[in-house]
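*Asks:* One-letter residues, chain by chain:
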Amino acid sequence: MKKGFIILGICLLIFVVWRETQRKRAPHVFLTTSGRIEMCLACHQERPSKPHAREVVGCSPCHNGQPLRIDKSLAHKNLIFNAGDLHVADSSCGQPACHPRRPEWVKKSLMATNRGIIDTLRRYWGEANKPCPDTVESLLKSGKNSLALDYFRKLCGSCHLWFPRGKYQGFLAQKGGGCVACHLVPNKKPKGHPFLTLNIPIRNCARCHNRSGRIALTYQGLYEAEGYGTPYLHGDFGADTLLDGRFVQHIPPDIHFKKGLVCVDCHIKEETMGTGKSYVHMVQSLEVQCTSCHGGTGHTSKGHIIPGFKKEKGRSVFIDHHQKVHPLKPPLPIACRHPVHKNLSCQACHNRHVPQCFGCHIRRVANEKQLDKLSGKETPGAWEEFRSYMRYKTPTLGWYKNKIVILVPG
Amino acid sequence: MTKWLSWGVTATLLIATLSGIIISYPYHEEHPLISTVGIETVVPFGDFFRALHYFSGQLTLLLLWMHTVEALIKRRAQSRPWWSWSILILSLPAILFILFTGYVIRDDETGFSAGRIAEHLALSIPWVGKYMNHLFFLVSQDGVHRPWLIHVYLTGLVLGGTGLWHFRLRLLSLLDLGCWATICTALSLVWPASLVAPQETTLVKGPWFFLGVQELLRYLPPFWAGIAYPSLPVVCLFGYYWRPRLATLSLLLWALSYGIFLLMGACR
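Those sequence lines, one after another, are chains A and B.
In terms of numbering that gives the first Met the number 0, the first sequence opens at residue 0 and continues consecutively.
In terms of numbering that gives the first Met the number 0, the second sequence opens at residue 0 and continues consecutively.
Simulated from the structure, these hints should not be mistaken for laboratory data.
Cβ atoms here follow ideal geometry from the backbone N, Cα and C, with glycine treated the same way.
Where hints are given, some of them may not hold.
Listed next, the in silico SDA-like pairs over lysine to any residue satisfying Cα-Cα at most 20 Å (straight line) [to be verified]: (1) Lys276/A with Gly115/A; (2) Lys301/A with Lys323/A; (3) Lys76/A with Leu13/B; (4) Lys23/A with Leu219/B; (5) Lys2/B with Lys309/A; (6) Lys76/A with Leu202/B; (7) Lys204/B with Lys309/A; (8) Lys1/A with Ile182/B; (9) Lys402/A with Cys289/A; (10) Lys1/A with Trp190/B; (11) Lys1/A with Leu13/B; (12) Lys1/A with Pro43/B; (13) Lys2/A with Met65/B; (14) Lys2/A with Gly155/B; (15) Lys2/A with Asp175/B; (16) Lys2/A with Trp190/B; (17) Lys71/A with Trp190/B; (18) Lys23/A with Leu170/B; (19) Lys23/A with Ile182/B; (20) Lys268/A with Phe246/A; (21) Lys76/A with Thr200/B; (22) Lys2/A with Ile182/B; (23) Lys76/A with Asp175/B; (24) Lys71/A with Gly37/B; (25) Lys1/A with Pro191/B; (26) Lys76/A with Glu108/B; (27) Lys188/A with Val324/A; (28) Lys76/A with Ile149/B; (29) Lys2/A with Gly177/B; (30) Lys23/A with Ile33/B; (31) Lys1/A with Gly37/B; (32) Lys204/B with Asn63/A; (33) Lys309/A with Lys323/A; (34) Lys71/A with Phe44/B; (35) Lys129/B with Glu108/B; (36) Lys23/A with Pro191/B; (37) Lys2/B with Gly115/A.
Stretch-level coverage of chain A by chain B, calculated; a stretch enters the list once three of its residues show a Cβ under 8 Å from a Cβ in chain B [stated by the list, open to error]: (38) 90-100; (39) 166-177.
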């Protein structure tokens, strides 16, 4: 018995020696600039953008794991691939030393709750007669369902921040992911660490804001055409296609786009990421108005400062995210400030042509299955959307909250 | 059983000491965590020897605890003079303290917090607390220097003491030592020695045997939870020589209550 133990011991020692010859030791103990040990850097050479530089932040504050180990199986224990995922963001992006409370607020923003979409659907479909408390998070936790919610789960359920990034193929692959849904810019190098940015490109916003109001498309001068790619030009489709296969034609873009401004130049963080308040509809969340900058003081309707607005030599200017300076024109004294126009919204005159979608209708095929994008499972009932026609024309004007505004079917 | 256990304690303590000497070369008490991570990741065979040191130390405590229980069951106290029994009893808190300082001197999340807690517990002792802290800890001012010295010196003292006791009976056979070395090696190949990175958290769990004290600290003042209550079994073991029935009953009650607190602490 004892001799057997000794033989086993010798075998184990041989294994220890063999294992040592197979492993790659770290050249030294890796430290960040603050003196924290980050052995992840012994293997990982990725370089994120400057604010999250490897020498300063390291890997583990965002991606968790075990920063004191180098054996892959030990070091990657409890690893988080997407640190921006809202399920973990409180302890990654939102940790006290980095962006405290921000994920908590973002979870209450409309981009995370989708409360407006859910509320509108449920009330229009006769399932509720007062504002619904349902949010994406509550639906994920409860699994609650109904006809309107089934529609939401299957057709709208990918345009929210809780959507798991990279879980699905095709155009869904880049959607969602919590903080990174907006702040991530892919690295052009294969397997390179993506960059996190405050200069959020329009394409990140357009991944979701391309249906219904289609605001991110219209802003860039893209008009979702009929689904045929017509008129054909040079023997090919006469329109470009979006990632999901829809055809778009080019129209004159918004003047702000022409000048180089992106969505987040105007839409400040209090609007997009929230302030911890829970709103039902987007109109309650929006606070930037044209007059905040044009003739205004650079403050939103809720008193928040617009960072790009500056006063230079007595003139109002706007400095965009690329540090380009734009002079700001005040509203025209006669056309805009004349008493007969006092009830006109800016858009009523300045949006001469607007893409409009008429005759929206949907069909549910009961004996077919479709992916429920919240639960990630195929469930009975497949929804299909149809429309009668698209038009790029002068919009209808209507009366809303003591203002004449444009009314656009979407 | 008696021989197996007593030689097991000696053999594992010897393995822990030898492996400790090896890893003490790359260890620097001025940079405890950096050098511990260096042992794990940079030094060839470093993680193996550290795991060997860790598991042989844990085994020493477990085997000594079993050895003590066996000695109580077989009423060995009565067969030797009171001073001899008292010296043997002292080896249990000494090993526990060596193991505890072993956690402190690696200065990871567990060790750092354990050191701070121990310092405050020492200071809670009336009259002599300040001197005890200066002797054993003072980690907040002097880093792990004192726990490191205690870890080394006390190991030598205990090894010398138990060695003297056991080797006067019979020399430890190499075969026995080899068997225990195999067990320690096997353990160190299956599990890595614990090392917890500092993190943003509101709950840090101490060494496994300390979890009961940690839990008690939620309900009682530091002196009663961290000094008086953990000292009770040592007092009972001393008293066993004169009042075996009362001491046994007290020990059982203490072990039961501590087991419950330990479980509560582990489940947090």
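*Asks:* Given the hinted pair Lys1/A and Pro191/B, is their Cα-Cα distance within 20 Å?
*Replies:* violated (26 Å)
*Asks:* Can you confirm whether the C-alpha distance between Lys1/A and Trp190/B stays at or below 20 Å?
*Replies:* Violated, because 24 Å separates the two Cα atoms, which is more than 20 Å.
*Asks:* Against the 20 Å threshold, does the CA-CA distance of Lys76/A and Thr200/B hold or violate the hint?
*Replies:* Holds, because 17 Å separates the two Cα atoms, which is no more than 20 Å.
*Asks:* Given the hinted pair Lys2/A and Trp190/B, is their Cα-Cα distance within 20 Å?
*Replies:* Status violated; Cα separation ~25 Å.
*Asks:* Within 20 Å, alpha carbon to alpha carbon, are Lys1/A and Gly37/B?
*Replies:* violated (35 Å)
*Asks:* Does the alpha-carbon distance linking Lys129/B and Glu108/B stay inside the 20 Å limit?
*Replies:* violated (25 Å)
*Asks:* Given the proposed pairing of Lys71/A with Trp190/B, does the C-alpha separation stay at or below 20 Å?
*Replies:* Roughly 14 Å between the alpha carbons, so the hint for Lys71/A and Trp190/B holds.
*Asks:* With a cut-off of 20 Å on the C-alpha distance, tell me whether Lys2/A and Gly155/B pass.
*Replies:* Given pair Lys2/A, Gly155/B is violated - Cα atoms ~30 Å apart, limit 20 Å.
*Asks:* With the threshold set at 20 Å, check whether the alpha-carbon distance from Lys23/A to Ile182/B stays at or below it.
*Replies:* violated (26 Å)
*Asks:* With the threshold set at 20 Å, check whether the alpha-carbon distance from Lys23/A to Leu219/B stays at or below it.
*Replies:* violated (49 Å)
*Asks:* Below or equal to 20 Å on CA atoms is what counts here, so check Lys71/A against Phe44/B.
*Replies:* Measuring from Cα to Cα gives roughly 17 Å; hence the hint holds.
*Asks:* For the pair supplied as a hint, Lys1/A and Pro43/B, is the alpha-carbon distance within the 20 Å limit?
*Replies:* Between Lys1/A and Pro43/B the Cα gap is close to 30 Å, so the pair fails against 20 Å, i.e. violated.
Checked against the numbered hints above, the structure breaks hints 2, 3, 4, 5, 7, 10, 12, 13, 14, 16, 18, 19, 20, 23, 25, 27, 28, 31, 35, 37, 39 and satisfies the rest.
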